[in-house]
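Asks: Each chain, written out:
2 protein chains.
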Amino acid sequence: MKAIVSVQQVEASVPDLSDNTADLDRLLQALGSTAAGELPLSVPYLCMTAVAREFRNAGFKGYALLNNLEKSCAVVGFSAEKPDCIAAMALDLGTTHLEASLLNLQNGEKLATADLENAQIRFGADILSRIHHATATRRQQKNPEPDFQDGGLTELQKSIITCINGLAETLSEKAGIRACEIRALSVSGNTTMTHLLLGVDPFTLCREPYIPLFNRAIGITARQLNLVIHPVAPLFIMPSIGSYFGGDLISGILASGMARSEKTRMLIDVGTNAEVVLGNSEWLIACAGAAGPALEGGVARMGMRAGAGAIEYVSIDPETFALEYRTIGDVAPVGLCGSGLIDLVASLYLAQLIDIRGKFRNPAKETDPERRKFMNKHLQLRDGDFCFVITATDANATTEDVVLEQIDLDAMIRSKAAMYAILRTLVNQVGIEFEELEEITVAGAFGRHINPERAITLGMLPDLPLSSYRPIGNSSLQGAELVLLDEEARDECEKIVSSITYLELNVNQEFMIRFSGARFIPHTDPSLFPSVPVVTRLEG
Amino acid sequence: MKAIVSVQQVEASVPDLSDNTADLDRLLQALGSTAAGELPLSVPYLCMTAVAREFRNAGFKGYALLNNLEKSCAVVGFSAEKPDCIAAMALDLGTTHLEASLLNLQNGEKLATADLENAQIRFGADILSRIHHATATRRQQKNPEPDFQDGGLTELQKSIITCINGLAETLSEKAGIRACEIRALSVSGNTTMTHLLLGVDPFTLCREPYIPLFNRAIGITARQLNLVIHPVAPLFIMPSIGSYFGGDLISGILASGMARSEKTRMLIDVGTNAEVVLGNSEWLIACAGAAGPALEGGVARMGMRAGAGAIEYVSIDPETFALEYRTIGDVAPVGLCGSGLIDLVASLYLAQLIDIRGKFRNPAKETDPERRKFMNKHLQLRDGDFCFVITATDANATTEDVVLEQIDLDAMIRSKAAMYAILRTLVNQVGIEFEELEEITVAGAFGRHINPERAITLGMLPDLPLSSYRPIGNSSLQGAELVLLDEEARDECEKIVSSITYLELNVNQEFMIRFSGARFIPHTDPSLFPSVPVVTRLEG
Chain W
1 MKAIVSVQQV EASVPDLSDN TADLDRLLQA LGSTAAGELP LSVPYLCMTA VAREFRNAGF
61 KGYALLNNLE KSCAVVGFSA EKPDCIAAMA LDLGTTHLEA SLLNLQNGEK LATADLENAQ
121 IRFGADILSR IHHATATRRQ QKNPEPDFQD GGLTELQKSI ITCINGLAET LSEKAGIRAC
181 EIRALSVSGN TTMTHLLLGV DPFTLCREPY IPLFNRAIGI TARQLNLVIH PVAPLFIMPS
241 IGSYFGGDLI SGILASGMAR SEKTRMLIDV GTNAEVVLGN SEWLIACAGA AGPALEGGVA
301 RMGMRAGAGA IEYVSIDPET FALEYRTIGD VAPVGLCGSG LIDLVASLYL AQLIDIRGKF
361 RNPAKETDPE RRKFMNKHLQ LRDGDFCFVI TATDANATTE DVVLEQIDLD AMIRSKAAMY
421 AILRTLVNQV GIEFEELEEI TVAGAFGRHI NPERAITLGM LPDLPLSSYR PIGNSSLQGA
481 ELVLLDEEAR DECEKIVSSI TYLELNVNQE FMIRFSGARF IPHTDPSLFP SVPVVTRLEG
Chain X
1 MKAIVSVQQV EASVPDLSDN TADLDRLLQA LGSTAAGELP LSVPYLCMTA VAREFRNAGF
61 KGYALLNNLE KSCAVVGFSA EKPDCIAAMA LDLGTTHLEA SLLNLQNGEK LATADLENAQ
121 IRFGADILSR IHHATATRRQ QKNPEPDFQD GGLTELQKSI ITCINGLAET LSEKAGIRAC
181 EIRALSVSGN TTMTHLLLGV DPFTLCREPY IPLFNRAIGI TARQLNLVIH PVAPLFIMPS
241 IGSYFGGDLI SGILASGMAR SEKTRMLIDV GTNAEVVLGN SEWLIACAGA AGPALEGGVA
301 RMGMRAGAGA IEYVSIDPET FALEYRTIGD VAPVGLCGSG LIDLVASLYL AQLIDIRGKF
361 RNPAKETDPE RRKFMNKHLQ LRDGDFCFVI TATDANATTE DVVLEQIDLD AMIRSKAAMY
421 AILRTLVNQV GIEFEELEEI TVAGAFGRHI NPERAITLGM LPDLPLSSYR PIGNSSLQGA
481 ELVLLDEEAR DECEKIVSSI TYLELNVNQE FMIRFSGARF IPHTDPSLFP SVPVVTRLEG
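Chains W and X, in that order, give the protein sequences. Just so you know, the numbering used here puts 247 at position 247 of the first sequence, and the rest follows in order with no gaps. Just so you know, the numbering used here puts 432 at position 432 of the second sequence, and the rest follows in order with no gaps.
Keep in mind that the hints are not guaranteed to be accurate.
You can't tell identical chains apart in this list, so a pair holds if it fits in one copy or across any two.
Derived pair list, reagent style DSSO-like, types lysine-lysine, alpha-carbon separation capped at 30 Å [stated by the list, open to error]: (1) K365 / K158; (2) K71 / K61; (3) K61 / K174; (4) K2 / K71.
None of these hints come from the bench; they were simulated from the model.
Put together the whole structure using the sequences plus the hints.
Replies: In structure tokens, the structure reads:
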């Protein structure tokens, strides 16, 4: 359990005329192999004077602060007294949102947390538009000079560095320290975000054959990125595997513990893409697909991220048609987040307001008077299509109602179909059944808020006992925290990278067939979902 | 013969959908152990985009540029064509003077040379006054903060960096390249100069027990020192052994080849101190003493460095008393450099114008009419002491004559006595005779201009056949050149550092006795100098 920055007690002999070893040589000799093992041990240029001065002032004994790097060990500080706190920052570098925490590496305590919108959004809401912004200038030049710095890329890098610095300031203020006392930073982000953070050309990431410029970036210190944390603070950037398989997912695998489990597990992380990993301590197989947008609030017109005012829970009683909902923060509803959307669509299905294709039923054709009454109240025709009005304008904080339109519903059905098809294709790939899984770990905001029962109703997740599902929250951030605290976690990242197989779905025929079969609620083959009530109405 | 920056041909497979290895991983894999052996291989942050872009533009094959560092190997460039030239700069970082050369690491060719006065002189002419300047601010503060930057130290560092940048610009201009194309820098300097270059506190260097803050400084790149050469150009700083035993002398040992010689040799380097090393490939013993100033032009009133207008050769015919001299650059004489001083004093002795204690004889007591005539012309009484006027004012470029005063002559005698005592003490320490030495290598301007025969006459150097003496010029610069070109030379530095023993003369009784015995010309015991004519006059 060696943290990325650790303390090593040391006592050296005091120099005299018969032993004029240089101060830093004396320190390094006294630290010797206890500190670094077989790794080379040195004092970085920026720390030479400070380390030597503290070592001397402390009477050539005390506590050395060590950066435990991948292939070397660096002495970056010295103090007479054992430090109580070594602060380090973990960062989930999301495309839209940044979450960070500040840990005390001496005891693992969480000192503070903070989050922030990704300021790069003003250059483009999604990955593709940011890559475009980063490389637009570049593409105008035929033979850019090796030293040529892309204006757009630099803008994006500066923007994200400013965000991270802001988070570092917030965290350190909360913890009562200075930002320059933060001694390490771990970053867990998708491959594009990591490229942009380092100001590295993302041009090839989104073009066939989708090649990252790098997957690993080692030996980077805070000063090189103009971060406000300690200048020699090491950056641990979670390695990635490919353009569509980033360090955030490596973090997820790490945080889920699946790569240390003998029994096979599955990890589902829904962001812009749905990313799914299947495996155990012996092998890992992963794939990603565009199942996410409708669930993340990016597509539905009233969709939104899980934040204040988002409807996160909806229920419609199939007998009494009583409609209930709850918003995050218990404030007036503003929109629907992913879990609310799933709840709503599952409720609409169970209450027979939509058919198995996910199409709104015509109130005029309804025979049940109670249902017809409810439909008349909540289903409205807009531009020739029905939509479902969850809230009336008067109870609404926005100027509009919170409404689910057919187009959003269709996107939702495609997303859930994609999700199920991905999961099914993946387990089939290795020849096992869902029932053989020890656990399905559900990561992210999706996992935190979703009601697996409702997702099963829709046929989005396999029909397993609810106890099979374990939400773990922001696994990207958790992975980043683990690598700060534990050398074994840092080593495990390498193990994960080297043992994982990536299944490409874009060219996968089986996936396309399974996707078509999954575009009904719960599925073309209801026997796959025995726990879901059979609601067979299908109207023209 | 692996240069500090080298080129490695590489050809990688072209990426496709079935092989989406990241560009830089692809390059590192293709380079593999051919490039780095067992050492870790990586791409530094600053080079990631440029290296990847060039690698891709070149069709994933071509020539990688590698920094061959102490404990790792870094890919710092890529080109489709094999580069003809990799420029690297070697620097002799002297206290008063900087000499530099630009080499092509691809073929060892010397592209340019340049030199410059050390601009730190305005903060103090010698090491001690610069250490004082660097630490004056610091000593006023009782408990300086770890991050506290000393004003004086920063001034000194900036000053020397400006000098080095100036030399880099001059060298690159001469060679027809840009300064940022210089890919490495080796620095050979004394311990204080190296501390000041890195902006590292020199406070303890001149205080008992005389401890350097560091002897080795690895992993430093040009960008960290604000140098104008390529940002990731590695600095190879010659290691030092102690406060008074710097990297310049390690360079000298390296350049002399003595640490590779089976037979025992001696190296004499006269700068501010006389530094002497004795040894062979098995062992090395070194010492330093204040024998230098009079020989370097720092003490004699008319003394000067070997430069234009310096009298570098003097002869007085002991029979005809014909006086001849030659100046560097064949211009009007301005002063006396070390070799001129030695020539002059030896000539004065052989012409019996001074006695064996080095005191001017009184013309009034001279019986030989020719000698008396010459003495009357050239010996003048000033403030009660005789002095020797080499030139008449009319032939002189300065407003004064070039004159040797008794006080300078006394300093010269002390210097020559110290030098011989050092050499004698050293050989005696290991129980050998001067005659057993394969060679006496004489480094520096001293070695380049000195006439060993005259130095023997004075009893400064041992009375050996002139063929025993080999002048090698600026060995500090030569050592710096060697480490750029050859990995074995870099390894040899470490071997030298670990095999050398330092003999402290300040507390050495034998040295003090030998010093007293050597304060006559040639020596109290003339049998030690059989080749020197016996001139026995001694007057009151």
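Asks: Each hint needs a verdict: does it hold in this structure or not?
Replies: Consistency of the hints with the structure:
1. K365 / K158: neither (58 Å within a copy, 87 Å between copies)
2. K71 / K61: Result: close both inside a copy and across copies, 26 Å intra and 27 Å inter.
3. K61 / K174: The answer is neither: 32 Å in one copy and 51 Å across copies each exceed 30 Å.
4. K2 / K71: Both. Shortest intra-copy (14 Å) and inter-copy (23 Å) distances satisfy the 30 Å Cα cut-off.
Of the numbered hints stated above, those contradicted by the structure are hints 1 and 3, listed in ascending order.
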